[in-house]
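Q: The lines below spell out each chain.
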Amino acid sequence: DAGVIQSPRHEVTEMGQEVTLRCKPISGHNSLFWYRQTMMRGLELLIYFNNNVPIDDSGMPEDRFSAKMPNASFSTLKIQPSEPRDSAVYFCASSWRTGGGNTIYFGEGSWLTVV
Amino acid sequence: ELKVEQNPLFLSMQEGKNYTIYCNYSTTSDRLYWYRQDPGKSLESLFVLLSNGAVKQEGRLMASLDTKARLSTLHITAAVHDLSATYFCAVDRMLYSGGGADGLTFGKGTHLIIQP
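Protein sequence lines correspond, in order, to chains S and A. To convert, count from 1 in the first sequence and add 599; that's our numbering. To convert, count from 1 in the second sequence and add 1282; that's our numbering.
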């Protein structure tokens, strides 16, 4: 299996621009998670989906952030407008949700720098 | 709010030595995960612990879970340089009644350096 696939791997953008991060979960997985990692705050859960439905978005920092999962094979995390403090590594992860306790697999991450 | 605390946060040790990383968490959960992260890389799953008393071992690493004490440990036996990495523990909040993974709350990580 190809694993969780994220794009772009690296992005540098100017403050105020829109950023869209993309994720393809592992085929057959029905839970998808978006995390953000920074030195200061560590790994934070932003939002997660089950069967394409957002279950908990309480970790989304503010209205500038939005996430969608239009089908089982694709999710996006959008930041509009971007700010320098959004600079971080954004990880997408997926798992098979049956009774819990299944391994959650992480993608390689999208390294975002907002200047 | 679930809090997950790891200690130590930084650990430098010599090859061949044994050491333990501790992970305490603040609310009831019986799903505890350990991950490894190399610099600039993704998170690699090491162990998933699902019940009180669970113990899992892979090579020189052994993880255990005590849900009553809300404590998990990651023990390193006869450390080798290749084990140098950052190790994270993470706890499933288990808030969603529908079952399955609920999203993990991570500790700050233990940055482990093993010197030859």
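Simulated from the structure, these hints should not be mistaken for lab results. Even glycine gets a Cβ: it sits at the ideal position worked out from N, Cα and C. Treat each hint with caution, since some may be false.
Said to hold, decoys possible - So the derived list for chain A, only partly shown, Cβ under 10 angstroms to chain S, looks like this:
#1 Ser1324
#2 Leu1343
#3 Met1344
#4 His1363
To be verified - Pairs of lysine-lysine residues, derived as BS3-like cross-links and limited to a Cα-Cα distance of at most 27 angstroms, are as follows:
#5 Lys667/S x Lys1323/A
#6 Lys1350/A x Lys623/S
#7 Lys677/S x Lys1299/A
Q: Indicate, hint by hint, whether the structure satisfies it.
A: Going through the hints against the structure:
1. Ser1324: 5 angstroms, holds
2. Leu1343: With a closest approach of 16 angstroms, the Leu1343/A hint is violated.
3. Met1344: 18 angstroms, violated
4. His1363: Since the shortest Cβ distance to chain S is 24 angstroms, the answer is violated.
5. Lys667/S x Lys1323/A: 25 angstroms, holds
6. Lys1350/A x Lys623/S: 38 angstroms, violated
7. Lys677/S x Lys1299/A: Roughly 46 angstroms between the alpha carbons, so the hint for Lys677/S and Lys1299/A is violated.
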